[in-house]
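There are 2 protein chains.
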Amino acid sequence: MISANSPQTETKQSLSVKGASSFDLRSYLEERRRLVDQALERSIVVTYPEKIYDAMRYSLMAGGKRLRPILCLATCELFDGTLPMSMPTACALEMIHTMSLIHDDLPAMDNDDYRRGKLTNHKVYGEDIAILAGDGLLAYAFEYVAVHTQGVPAEQLLKVVARLGHAVAATGLVGGQVIDLECEGLKDVQVETLHFIHSHKTGALLEASIWSGAVLAGAEPSDLQRLSRYAGNIGLAFQIVDDILDITATQEELGKTAGKDLKAQKATYPSLWGIEGSRQQAQALIDEAKAELAIYAEKAIPLMAIADFVTARTH
Amino acid sequence: MISANSPQTETKQSLSVKGASSFDLRSYLEERRRLVDQALERSIVVTYPEKIYDAMRYSLMAGGKRLRPILCLATCELFDGTLPMSMPTACALEMIHTMSLIHDDLPAMDNDDYRRGKLTNHKVYGEDIAILAGDGLLAYAFEYVAVHTQGVPAEQLLKVVARLGHAVAATGLVGGQVIDLECEGLKDVQVETLHFIHSHKTGALLEASIWSGAVLAGAEPSDLQRLSRYAGNIGLAFQIVDDILDITATQEELGKTAGKDLKAQKATYPSLWGIEGSRQQAQALIDEAKAELAIYAEKAIPLMAIADFVTARTH
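From first to last, the protein sequence lines are chains P and Y. Residue numbers for the first sequence follow this note's numbering, beginning at 454 and rising by one. Residue numbers for the second sequence follow this note's numbering, beginning at 454 and rising by one.
Worth flagging that the hints you see were computed from the coordinates, not collected in a lab. Check each hint, because a few of them may be wrong.
Copies of one chain are not kept apart here, so a pair can be met inside one copy or by any two copies together.
With a straight-line Cα cutoff of 25 angstroms, these simulated SDA-like cross-link-like pairs (lysine to any residue) come out [said to hold, decoys possible]: (1) Lys-743 with Tyr-506; (2) Lys-504 with Pro-560; (3) Lys-612 with His-601; (4) Lys-571 with Glu-483; (5) Lys-571 with Glu-673; (6) Lys-612 with Ser-496; (7) Lys-640 with Asp-581; (8) Lys-612 with Glu-484; (9) Lys-640 with Asp-699; (10) Lys-640 with Tyr-501; (11) Lys-504 with Glu-580; (12) Lys-504 with Gln-643; (13) Lys-576 with Asp-565; (14) Lys-504 with Leu-639; (15) Lys-576 with Glu-637; (16) Lys-571 with Leu-493; (17) Lys-612 with Leu-493; (18) Lys-612 with Thr-500; (19) Lys-640 with Pro-502.
Working from the sequences, and respecting the hints, build out all of it.
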């Protein structure tokens, strides 16, 4: 998948020649998003029963930022890993993320009609198919990693399987969503509870994305610890920014129902710290995250730029 | 987990001394079910947020026959594998099976109030938690296999991970449930469609149970082919018997709403072949399944007895 003329090699060359000042994050993200979209496009082939494959593809190909896959690819590359090592896990991360969106949008959960600017899965295919499309994506994610990853020792791949499971189960996404649902309509939510929700609902999978990329490339324990701290910080910053955007952005900009948290009286960071206070907290987290990567010098430029990108969304 | 005094060793000794005529299937199943229940009991420790762990445990510990785990243990043992090799996968199979029951029972799917003689998960915990409990069990199943299996080369374990995913995704359980929902209320369902539903909705996970046990123990390709044929036959026989029981058994005997298929005008094998014709078909499948295992002589007695048990339920 990587050849002498591939865009990835060109990016590497330009990085080593020009350094941080000339790194073009927009082109980098666009290029990676395109590679991830191509891989996702190939990952699910529609066959009988077509309806379920269509439903899975409808949400999977609805055009997100592909942040989790891109973080996985970038971290793997930081430790000299290749796309055949990281792309199947990158795709699995997006399948898992998509599953969580489909299920969160269900009438029994957040009851959302729009997602990424399109009707939610159950509005198009019905609740029954939406539940099954989520189940199908979740199960397929594990199969996909186990079958399609190339050039990674089986022991390391099993660690990635375990981490993905941990990030989704009651120890991760599911646990975060449970407390999020419990807090709906409550006005006296503690900051610790808000942290729990987001570190599980958003942070766990973001951290798994970064950690998996490193493990696939065979990174050392000290590297994994450093990247875990980077990941924890940008995960939390990401959620703070999402909460700010829910207040400041329009529905068109968000691609989903705006002001929904306010309407549902959900506890958010801006409701605790105000919008400006939340922006400052997010920036402090990003600065700390970037400091963790200083040791990798120019090789870490993409991951540093992605960290900046998280807060840049609020401006 | 296996010692000189363990019940497993005693079973083996009595087998080699007494042979098929004295094999006590009831004791064998009871003993294995007890071992599986103990392992499942330990597999999920309740912690914050307690509600989701309670919900997962509620359905997981609701007292099924544990047929999938027992098939996995028995097949692993046929090829001289041990409990530390097979028990984590056996538990994962029951977690996956339980997930499929919780989601199938939801109002948006089969809308069932009772399962295994108890209120269904969503009747006790609400639809939102029931969806999440299913998601949590499915994700945890993969983590559990990857983390807790002992004595199995990582390459073989990855094959099991892949097969479990394949058995649940649109290629398995999920695909079968999609067509099952589509056929509800239809009167002219073809036998090919009915086969598709059951080979995917029931057969795929039963076959994965048997196949995984063999792979965990390092069985040869020729053994895997033989066991796949055994598995395909008992999977289909199992579903035919379930359809018969839906008509002939009382709600008390079934532990779930009886006559539900008839009421929903679901296509069933008895509606195609009659009850006696269905019994004969099931028996023929079981006879073929047992013939596949003749080559293993006395070692296959438990798997042969389990095959007989599938049809014995109708009498």
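Okay, the hints, checked on the actual structure:
| no. | hint | verdict |
| --- | --- | --- |
| 1 | Lys-743 with Tyr-506 | neither (40 angstroms within a copy, 36 angstroms between copies) |
| 2 | Lys-504 with Pro-560 | both (20 angstroms within a copy, 20 angstroms between copies) |
| 3 | Lys-612 with His-601 | both (16 angstroms within a copy, 11 angstroms between copies) |
| 4 | Lys-571 with Glu-483 | within (21 angstroms within a copy, 52 angstroms between copies) |
| 5 | Lys-571 with Glu-673 | neither (42 angstroms within a copy, 49 angstroms between copies) |
| 6 | Lys-612 with Ser-496 | both (22 angstroms within a copy, 19 angstroms between copies) |
| 7 | Lys-640 with Asp-581 | between (33 angstroms within a copy, 21 angstroms between copies) |
| 8 | Lys-612 with Glu-484 | neither (28 angstroms within a copy, 33 angstroms between copies) |
| 9 | Lys-640 with Asp-699 | within (18 angstroms within a copy, 49 angstroms between copies) |
| 10 | Lys-640 with Tyr-501 | between (48 angstroms within a copy, 21 angstroms between copies) |
| 11 | Lys-504 with Glu-580 | both (13 angstroms within a copy, 24 angstroms between copies) |
| 12 | Lys-504 with Gln-643 | between (43 angstroms within a copy, 19 angstroms between copies) |
| 13 | Lys-576 with Asp-565 | both (9 angstroms within a copy, 23 angstroms between copies) |
| 14 | Lys-504 with Leu-639 | between (39 angstroms within a copy, 18 angstroms between copies) |
| 15 | Lys-576 with Glu-637 | both (23 angstroms within a copy, 21 angstroms between copies) |
| 16 | Lys-571 with Leu-493 | within (19 angstroms within a copy, 41 angstroms between copies) |
| 17 | Lys-612 with Leu-493 | both (22 angstroms within a copy, 22 angstroms between copies) |
| 18 | Lys-612 with Thr-500 | between (31 angstroms within a copy, 23 angstroms between copies) |
| 19 | Lys-640 with Pro-502 | between (45 angstroms within a copy, 19 angstroms between copies) |
Checked against the numbered hints above, the structure breaks hints 1, 5 and 8 and satisfies the rest.
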